[in-house]
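So you can see what is in the structure, the chains are spelled out below.
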Amino acid sequence: MLIVECPNCGVMAEETELVPGGEAHLKRFGPESSDADFESYLFQRENPRGVHFERWRHAHGCGKWFHAARCTQTLEVFGTYSAQTTEPPQDIRERVTAKRPGWTWRTLS
Amino acid sequence: MSTRLQTGGRLIDRAHRESFTFNGRQMAGFAGDTLASALLANDQMLVGRSFKYHRPRGVVASGAEEPNALVGLGSGARFEPNQRATTTELFSGLTATSQNHWPSLDLDVGIVNDSLARFLPAGFYYKMFMNPRPFWKYVYEPFIRQSAGLGRAPKVRDADRYEHFHAFVDILVIGGGIAGLQAALAAGRAGAQVLVMEQTAHWGGRAPVDGVRIDGRPAADWVADTLAALDGMENVTLRRRTMGAGVYDHGYVLGYERVTDHTPCTEGPRHRLWRVRARQVVTATGAIERPLSFAGNDLPGVMLASAVRDYAVNWAVSPGDRTVLVTNNDDAYRTAICLKEAGLEVPVIIDARAEAAGELPQAARGLGIRVETGKGIARVKGGKRVTGVTLCAQAGEGAVLEEVACDAIAMSGGWSPVVHLWSHCGGKLTWDAEQAHFRPDAEHAPTSHDGRPFVIAAGAANGALHAAATLSDGDASGKAAVKALGFKAKGGAVARAEAAGEKPPAPVWMMPQGADIKLRAKTWLDFQNDVKVSDVQLAAREGYESVEHAKRYTTLGMATDQGKLSNINGLAVLAQSLGEEIPQVGTTTFRPPYTPISMGAIAGEARGPVFQPLRRTPMQDWHEQNGADFEPVGQWRRPYCYRRGGESRADAVNREVRNTRQNLGLLDASTLGKLLVKGPDAGRFLDMLYTNMMSSLKPGRCRYGLMCNENGFLMDDGVVARIDDQTFLCHTTTGGAEHIHAHMEEWLQTEWWDMKVHVANLTEQFAQIGIVGPNARKLLEKLGGMDVSKEAMAFMDWADGRIAGIPARVFRISFSGELSFEVAVPASRGRALWDACVEAGQEFGLMPYGTEALHVMRAEKGFIMIGDETDGTVIPQDLGLHWAISKKKADYLGKRAQARSHMTDPDRWQLVGLETLDGSVIPDGAHALAEGHNANGQRKTQGRVTSTYYSPTLGRGIAMALVHHGPDRMGEVIRFARLDGGDVEARIVDPVFYDKDGEKQNV
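Going down the list, the protein sequences come from chains A and B. Here the first sequence is numbered in my numbering, starting from -8 and rising by one per residue. Here the second sequence is numbered in my numbering, starting from 55 and rising by one per residue.
Next up, chain A with everything else stripped away, as it sits in the complex:
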């Protein structure tokens, strides 16, 4: 029963208000993409023990999507941020670094 702050409406939301949306910052591959790229987009996912970036929707609240930086091991929530971005903003990355120096995720660190 996590508590995650919705960055859109500012509510400290309970997990029951939220719907998880899986891994964040996927790049969509469309009709002209290679089989490998498309497979990666559809099926390949990170499964880290530690720092992770995820999509959530405040489904039983404001209805908006957002991103969360979270530790899959301790369930600590480092921060939440807008869904309208293709990578974690600098302040979020700094917050993760403060708590988990040396973290890596995909090509980020």
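Take these hints with a grain of salt, some might be off.
[Said to hold, decoys possible] Each computed BS3-like pair below joins lysine-lysine, with the alpha-carbon atoms no more than 27 Å apart:
| hint | chain 1 | residue 1 | chain 2 | residue 2 |
| --- | --- | --- | --- | --- |
| 1 | A | Lys18 | B | Lys941 |
| 2 | B | Lys832 | B | Lys1050 |
| 3 | B | Lys1050 | B | Lys732 |
| 4 | B | Lys732 | A | Lys55 |
[Unchecked claim] Computed, partial: chain B to chain A, Cβ under 10 Å:
| hint | residue |
| --- | --- |
| 5 | Asn717 |
| 6 | Glu800 |
| 7 | Gln803 |
| 8 | Ala944 |
Since the hints were made in silico from the structure, they are not lab data. Backbone N, C-alpha and C fix where the C-beta goes; we use that ideal spot for every residue, glycine too.
With chain A's structure known, arrange chain B on it following the hints.
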């Protein structure tokens, strides 16, 4: 014998007698008794039979840890199995029955298992019932199931009421002993919002029983004063009979309040589930005494030393006239002293330690009690009741030194802190070698969303067993919780507790130390699951080295008590067998709830009509009043058909289909999803969502569209109407409205956030009525207000206007193949329009029809239904819907996936129609048989039925199916399996069975 003492009993009220029955026998106790204390007062030591060997078992403990005294309580709709007699408060009229025996508690046939015990070791069932394979299903399992299980499940619907509470607090204190109360006091004084839960009906925990003095007065006085102080604080809430059941992520805690268990049939719910979000949790859950492992330690009359003390002090019940005490620590001497002071005999105290020179042993000797150090119990004598013990040297192998007659044994193997709640959410434990127990490791507490610790263990639960330490640790914990939240802890004097000093215990895991196999095979670790020392040793020998594996192999620590008494002793035996240290072996996982909670409490109010909300269309009342048979469609209840007179459902459906095809049908289509998509980029957006082109749709026109997910699979379909240049109204399936809305929002918010589009779900804003059949236009013309002629409104046109004076939007669309209009009006006017249609339609033969007639008619026309023809693995190309897939668009959701090799494979099963040769209806979901068998010996298949109906129009069974190379095999006859084992022949035909050229709808 066990009996009630003439005086004393701090919890009972001798002025109020409570009568109850046990196995039908009338007994009486006092107000304030538990069922266990009342049974003991009536000399009912034998309370049940054990699970595997059916050995006689008696009360062992006095609280939540009780493994043996499980009874069935109540009867009929209030029957509940496996209730602990030790935590059941007595009331007049209580009925209890013992469990696990046949024909009776005293005479039990299953006891034969006890004689066979050496042939029934751990893992017996796994080894014995392997072969031959078919015997498991037909012989072994039915036989074992007959004798397995703890208690009996209730057969009738629960008559009681339950509810949920939601609470948000700064600090939740679990446990109302002196540590918990002191923690609450510190937190309350600092101004924090505090909730205190105590699982029993009494505050103060063990301190009043153990003779603790606080600030120079009896502990009970301090408890009373502290409660009064807490009661006076508006920011503090106190709850008795409320157990902290589980601690979960980020400060979520479940509490279980037994509101009226002790006063049944009074106002209020029976149980209440507290769903608490706490910023800090203080677990002041106390400690549980451990049994000692000696032969015959499961006989009725062998009890925990603390329990014997509880029964004597709290309820004035003596479990026996002559009680032998066996211990490895000083604390247990309190029991001997208290029995002696009550005038009872304690023939001997057997202390496994070489020396017993502490304050309490000296006091016991001072009372004239014989103390034997360095000794142990070789064996307990007795059958259904203890009759004596034999003594031996603890260091030896069990050679008998002497025999002592007694009728009760009080045992103490030391104390284990209740670390369950600390551990539920990841708190780590540390092994305290001096006290020989695991206690919370404060460096590794459970952490919350901000990464900071949110659980603090307090008092005995933190390993602070001695009263002085217990109280000061409670104070420190309360202040630490306050500080963690940024409150300022208030100073002031802290009470000081005094109790006799104690020397450290000596770890004793086997008594005597070198007990031979005969003794070990009668030495119980887990009373509830009948696990003995020899079973755990066998598991270790057979390679079950992990404590989790050993638990599952032997069943040690399973079932309702989850090893509250047995865990530490069991893993100590395992560690010894493996030649490892106890901390290396570790504990099994502690999982919530702490003790079982009722299913009713979990369900709360969510049962019967309020289990889930029902959605009602504006015409629902009319359906209910006019004979509708309903079927669930999502959270709606839609009319399946409207039966008339003595009609069967099938007859009603056939009549509705025929009447709609010949005259006029009326359908409540209000449940269809209606999503308004609006904005400058609405067309571009819908081009991405639908497989076909929506941006080219002209205002005033409708187009049928398919929606796929990014995997290419069909997820929804429906008619899209273009309202104006920037506005589309997308109809979805009834079940799809919410998730298609969410799907649209997801793509708009997370991928194409540059698009200027808004989506609104208008499903419940409009009532929608299907007017269907050859007389449809006549009805609309009679109602008047709009020109619905063929010329003014062509097929797939829509127009706004008024029908029967009601503002309406009329779509000329058809899901039946008939001349058909769907009229949408504001929801508040839906019933008025429906009534007007019903009245005006009489002269045209109007009859309402339900969802089944709708399904039959769409199948006759070969229209697909999401969820019938699709199941999440079907792409539009499988269904011959190529015409609805745009070739011109560069992209849409699912386009790339539909180009994957498996999706373009010509061997994919494809949609066809089927006509049975004998006219019968193929069973739903039937598979088309192919030649040969697969590797599992199952018949190979070449397709499956997706929809199958009796067509009253054609007078025969028709079906739609996905068949291998189906469209290339028109006219071929294939066979389908029937449920009864036979098969049915069907001819592959075009899926459009009726009016292939659409002449009926284009009039």
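Hints and how they fare:
1. Lys18/A to Lys941/B: Status holds; Cα separation ~24 Å.
2. Lys832/B to Lys1050/B: With a Cα-Cα distance of about 24 Å, the restraint between lysine 832/B and lysine 1050/B holds, given a limit of 27 Å.
3. Lys1050/B to Lys732/B: 36 Å, violated
4. Lys732/B to Lys55/A: Holds: lysine 732/B and lysine 55/A sit about 18 Å apart, inside 27 Å.
5. Asn717: Violated, because the Cβ-Cβ distance from asparagine 717/B to chain A comes to roughly 45 Å (cut-off 10 Å).
6. Glu800: Holds. Min distance 7 Å.
7. Gln803: 4 Å, holds
8. Ala944: This interface hint holds because 6 Å falls under the 10 Å limit.
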